[in-house]
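Peer 1: Below are the chains, spelled out letter by letter.
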Amino acid sequence: MAEAASPFLRCEALSKTYAGTRALRDISLDVARGEFVALVGASGSGKSTLLKCINRLVEPTSGRVLLDGEDVTTGPAPALRRRIGYVFQGIGLFPHMTVAENVAVGARLKRQRLSGERIAELLALVELDADLASRLPAELSGGQRQRVGVARALATDSHLLLMDEPFGALDPITRGGLGERVRRLHDELGLTTVMVTHDMAEALLLATRVLVMDAGEIVADATPQQLLAGEGGEVAQALVAVPRAQARALSGLGAGIGE
Amino acid sequence: MNALLDALLGLGPQLAEHVLLCAAAIALGIVVALPLAVWASRSPHVAKVTLGFASLVQTIPALALLALFFPILLAARSVFGEGLPTLGFLPAWLALALYALLPILRNAVTALTNLDPELIEAADGLGMTSWQKLRLVEAPLAAPFVMAGIRTASVWTIGAATLATTIGQPSLGDPIFAGLQTQNWVLVLAGCIASAGLALVADGLLGVVERGLALRRPRLALAGALLALAGITAAALSLADWRGGDARETVVIGAKNFSEQYILARAIGLTLEEAGYAVEYREGLGSAVVHSAVTTGAIDIAIDYTGTLWTNQLERSDNPGRAAMYEELVRWEADTSGTRVLGRLGFENAYGLAVARDTADIFDLESIADLAAVAPPMTVGGDPEWFERPEWRAVRDAYGLRFAEERTFAPTFMYNALKSAEAHVISAYTSDGRIAADGLVVLDDPLEALPSYDAIILLSPRVAGDEALVEALEPLIGAIDVETMREANYMVDRDDDKATPEEAARWLLNAIR
Numbered sequence: 001m002a003e004a005a006s007p008f009l010r011c012e013a014l015s016k017t018y019a020g021t022r023a024l025r026d027i028s029l030d031v032a033r034g035e036f037v038a039l040v041g042a043s044g045s046g047k048s049t050l051l052k053c054i055n056r057l058v059e060p061t062s063g064r065v066l067l068d069g070e071d072v073t074t075g076p077a078p079a080l081r082r083r084i085g086y087v088f089q090g091i092g093l094f095p096h097m098t099v100a101e102n103v104a105v106g107a108r109l110k111r112q113r114l115s116g117e118r119i120a121e122l123l124a125l126v127e128l129d130a131d132l133a134s135r136l137p138a139e140l141s142g143g144q145r146q147r148v149g150v151a152r153a154l155a156t157d158s159h160l161l162l163m164d165e166p167f168g169a170l171d172p173i174t175r176g177g178l179g180e181r182v183r184r185l186h187d188e189l190g191l192t193t194v195m196v197t198h199d200m201a202e203a204l205l206l207a208t209r210v211l212v213m214d215a216g217e218i219v220a221d222a223t224p225q226q227l228l229a230g231e232g233g234e235v236a237q238a239l240v241a242v243p244r245a246q247a248r249a250l251s252g253l254g255a256g257i258g259e
Numbered sequence: 001m002n003a004l005l006d007a008l009l010g011l012g013p014q015l016a017e018h019v020l021l022c023a024a025a026i027a028l029g030i031v032v033a034l035p036l037a038v039w040a041s042r043s044p045h046v047a048k049v050t051l052g053f054a055s056l057v058q059t060i061p062a063l064a065l066l067a068l069f070f071p072i073l074l075a076a077r078s079v080f081g082e083g084l085p086t087l088g089f090l091p092a093w094l095a096l097a098l099y100a101l102l103p104i105l106r107n108a109v110t111a112l113t114n115l116d117p118e119l120i121e122a123a124d125g126l127g128m129t130s131w132q133k134l135r136l137v138e139a140p141l142a143a144p145f146v147m148a149g150i151r152t153a154s155v156w157t158i159g160a161a162t163l164a165t166t167i168g169q170p171s172l173g174d175p176i177f178a179g180l181q182t183q184n185w186v187l188v189l190a191g192c193i194a195s196a197g198l199a200l201v202a203d204g205l206l207g208v209v210e211r212g213l214a215l216r217r218p219r220l221a222l223a224g225a226l227l228a229l230a231g232i233t234a235a236a237l238s239l240a241d242w243r244g245g246d247a248r249e250t251v252v253i254g255a256k257n258f259s260e261q262y263i264l265a266r267a268i269g270l271t272l273e274e275a276g277y278a279v280e281y282r283e284g285l286g287s288a289v290v291h292s293a294v295t296t297g298a299i300d301i302a303i304d305y306t307g308t309l310w311t312n313q314l315e316r317s318d319n320p321g322r323a324a325m326y327e328e329l330v331r332w333e334a335d336t337s338g339t340r341v342l343g344r345l346g347f348e349n350a351y352g353l354a355v356a357r358d359t360a361d362i363f364d365l366e367s368i369a370d371l372a373a374v375a376p377p378m379t380v381g382g383d384p385e386w387f388e389r390p391e392w393r394a395v396r397d398a399y400g401l402r403f404a405e406e407r408t409f410a411p412t413f414m415y416n417a418l419k420s421a422e423a424h425v426i427s428a429y430t431s432d433g434r435i436a437a438d439g440l441v442v443l444d445d446p447l448e449a450l451p452s453y454d455a456i457i458l459l460s461p462r463v464a465g466d467e468a469l470v471e472a473l474e475p476l477i478g479a480i481d482v483e484t485m486r487e488a489n490y491m492v493d494r495d496d497d498k499a500t501p502e503e504a505a506r507w508l509l510n511a512i513r
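Top to bottom, those sequences are chains A and B.
Okay, so the first sequence: first residue is 1 according to this note's numbering, each after it adds one.
Okay, so the second sequence: first residue is 1 according to this note's numbering, each after it adds one.
Heads up, some of the hints might be wrong.
[Said to hold, decoys possible] Listed next, with one range per pair, are the computed distances between beta-carbon atoms:
{"hint": "1", "chain 1": "B", "residue 1": "Trp39", "chain 2": "A", "residue 2": "Glu188", "range": "45 to 55 Å"}
{"hint": "2", "chain 1": "A", "residue 1": "Arg33", "chain 2": "B", "residue 2": "Gly207", "range": "49 to 59 Å"}
{"hint": "3", "chain 1": "B", "residue 1": "Leu215", "chain 2": "A", "residue 2": "Asp221", "range": "50 to 60 Å"}
{"hint": "4", "chain 1": "B", "residue 1": "Thr233", "chain 2": "A", "residue 2": "Ala77", "range": "38 to 48 Å"}
{"hint": "5", "chain 1": "A", "residue 1": "Gly142", "chain 2": "B", "residue 2": "Pro35", "range": "29 to 39 Å"}
{"hint": "6", "chain 1": "A", "residue 1": "Arg135", "chain 2": "B", "residue 2": "Arg135", "range": "20 to 30 Å"}
{"hint": "7", "chain 1": "B", "residue 1": "Gly207", "chain 2": "A", "residue 2": "Asp187", "range": "46 to 56 Å"}
{"hint": "8", "chain 1": "B", "residue 1": "Val46", "chain 2": "A", "residue 2": "Gly142", "range": "31 to 41 Å"}
Treat the hints as calculated values from the structure; they're not laboratory data.
This one's a predicted model, so the numbers in the text were calculated from it and none came from an experiment.
Note that the Cβ used here is the ideal one computed from N, Cα and C, for glycine as well.
In isolation and in its complexed conformation, chain A is listed as follows (with noise of 0.2 Å):
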C-alpha cells in the first residue's frame, strides 16, 4: 500500500515470546488514519496479543510500535492507554459506579469532570437513553452493558479505537446491531479502529480491511471485496468460506419456502 512518510498507526517487527511459546512472528504493518481494520483467525493465532502490544497491555519481545511516529514505549504506560479508547469482550464495567460514572472515569483519571450534557450526548452516540446515566451496571442487559464501554472508550476523544471480540459475548441481534452503530461512529468521528475478532462474517461487513492471522503471522491483508472475490490465499478463503456456505444455505432455505 502506499503511504504517507509516517503513517498513523505502524508496527516495526513485532516479536512476543510466551515460555517459549512464539505468539509473534516478526510483524510489520502500517495503518493510515482512518482505516476501520479487523484482525481474523483462529483461537491462539496472536491477534489479541498483536492489538494489545498497541497500548501496552502486552510488552514485544522485541520490535516497536509508533503512534503517529511516536515510539509508544517512550512514555509512561498509563498516559499512553489514556489516548486510546479500548474496548474488549469482558467489558468491564465497574460494579461500584453508576453508567455516568464509567463514561466518565477516563476523564476522573486527568482530573478532569465531564458535564452531565457530555455523558448524555456519549450515551446517545450508544444509542442509550439518557436516563441510564444514574444506573448501576447490574441493572442493565448485556448490549446495553457493552454500549455503554463503547461510550466510556469513546468518552476521552481518543482517535483511535482498539477492540477485543468486543461483541463476542453478545446474542446475534445485539450484536449485528451494536456493530453497524459502532461503524457509523468510526466514520462520523473520524475514528482509526483495529477491531479483533473471530468471525469472518463480521470482519467483512464492518471493517475497511482484513488481516488474517495464523501461528503468529498476517498470512492475508485484503479488503473485503478483494476477499470476497476469492483473493488473500488459502487460510483467508477457508475463513471467508463459512459464512459464504451458511449465506448460500440460507438462500437455498428461502428459495424452498418461495417454491
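Given chain A, put chain B in place with the hints provided.
Peer 2: The following block gives chain B in isolation, referenced to the frame of chain A:
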C-alpha cells in the same frame, strides 16, 4: 440478681478502658495490615511471609503474647530510654494490635487477589496508574471484605483484651480475674457479660458498616461508623472525667492474683486515701511481673514475700535464716534498683506441708520429719507451680520425702482434695484462712528447709523518698499477725457470705488499730 446488677453498674471505668484499648489496638492493626495487604496482593512472596507471620502470632496464646511484651519493652528501654512504660496500656495495645492483624490481613489479601480480572484489565486499559487502580477500583470493591475482617478482629480483640488485666492495664478482665481468685462468681459473670455485650455491640455496628459498603449505601456505612466512633469518644470523655484533677499525685498499688494480695492492696490504698493520696490499683498481675513492675516504676507499691524474692530474684537456694534473709534483701533491692523495702507486715505466707487433723492424730505427726516415715503410700497435692519450685526440692531432699503420687490442684481445690482424701498432704499457704477453718495441721520444719516468707512492702524508686507516704504506711509495719491475716483471707475465700477484698481490708485495718 441485684448483686449482679450492682457489679455490672460498677464496671463503668473498666468498660471505658476496655473500649479505648480495643479501639486503639484495632486502629493500629488496620494501619499496619492494610498497606501490608496491598503489598502482599501484588507479590505472592510477600503474601506468604506476612500471612505466615500473622498466623504464627495467632498460634501464641493471647495471655503469653501479652506477657511477652513486658520483657520486650524492658529490652527496648535501651533504645527508647527509661521512660518507656513496660506495663499497662502500651504492651496491651501492641500485643492486641498484633493479634488483630491476621483477620484483617487475610481478608484484605483474599479480597484483593480475587478481584474479577476483567475489571483489572479494564482499569489498565483505561490508563489507570497503580495508585488510581487501588483507589478507584480495588479499594472500593474489596472494602466489604476488609470490613468483615475488621469485624472479626474486633470481636477477637474485645475478648482477648480481658487478659490485659494481667499486665496491669485496667479492662473488663479486672472483675473476671478478681472474681476467679476470690471465688466470687457474680464478679466473673459481670465481667463476662460486659465483655460479651461489648463484643456484640461492636460486631453489630461494624456489621452495619459492612452492609453499607456491600450494598453501596454510603450513608448506612457512615451511620454505623459514626455510632461506633461516638461510643469510643464517650469512653474517652468518661475517663478524662475520672482522671481529671491532679493525676500526678496518684499512687499506683499493684496486687498479684490471689485474695491476700487484693486485700492488702486495698488496705494500703485505704490508708493512703486517708492520708490524702489518690490511689489506683493494678490487680491480678502475674506473680513474676509484680517485682519488675515495682522496681521499674510501672507500679509504686507492691506486697511481696522474702522467700519468693530470695529464690526468684536473687536466685539463691541457700537458707540463711529469717532475719539474715530480710537484711540481705533490703540491701539488694536498694543496690540494684533503688527500690525501698519499707518493712515486714508481721506475718508469713510461707509454703508449709499441711495435713488433716485426723491424719495428724492417727500417725502422730508434728513435723515433716515425722511425715517422712509414713509418706510412701500417701498422695501429696500442690498448686500448679509447687512441684517445679526449689522449695519442694529442698524440703523433699532435706527430709528424704517419698510419696506414692504427686498431684496438682488449683489452690482452691487443693483444700477440697484434702477433705475428700484425694490428697493426704498438701502444700498449704500458711496465711490461708482455710487452715484454721478446716482445722488443718501445718507440720513443723525443724531443719528449716523451707525458707521464710515474710510479707514485705516494696516502694518503687519514684515514691521511695516520699516521707509522708512512708509515715502514712508506718502503722501497718509489724502490725498484722498471721491469725489476723488468715481471718481476713477467709472472709473473702469462704463459700458463703463472702466479703469483697475492700470489706476485708476495712475489717483488717480496724482489727490492727
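Peer 1: Starting from the hint 29 to 39 Å, judge whether the C-beta atoms of Gly142 of chain A and Pro35 of chain B obey it.
Peer 2: Because 38 Å falls inside the window, the suggested range holds.
Peer 1: Thr233 of chain B and Ala77 of chain A, beta-carbon distance inside 38 to 48 Å?
Peer 2: Distance hint for Thr233 of chain B, Ala77 of chain A holds at roughly 46 Å.
Peer 1: Does the Cβ distance between Arg33 of chain A and Gly207 of chain B fall inside 49 to 59 Å?
Peer 2: Roughly 56 Å apart at Cβ, these two residues keep to the hinted range, so it holds.
Peer 1: I want to verify a distance hint. Is the separation of the beta carbons of Gly207 of chain B and Asp187 of chain A within 46 to 56 Å?
Peer 2: The hinted range 46 to 56 Å holds for Gly207 of chain B and Asp187 of chain A, with Cβ atoms some 54 Å apart.
Peer 1: For the hint 50 to 60 Å, verify it against the beta carbon of Leu215 of chain B and that of Asp221 of chain A.
Peer 2: holds (52 Å)
Peer 1: For the hint 31 to 41 Å, verify it against the beta carbon of Val46 of chain B and that of Gly142 of chain A.
Peer 2: Given range 31 to 41 Å: holds, Cβ gap about 38 Å.
Peer 1: Quick check: does the Cβ-Cβ distance between Arg135 of chain A and Arg135 of chain B fall within 20 to 30 Å?
Peer 2: holds (23 Å)
Peer 1: A range of 45 to 55 Å was offered for this pair. Does it hold for the Cβ distance of Trp39 of chain B and Glu188 of chain A?
Peer 2: holds (46 Å)
Violation of the numbered hints given earlier is absent; every hint is satisfied by the structure.
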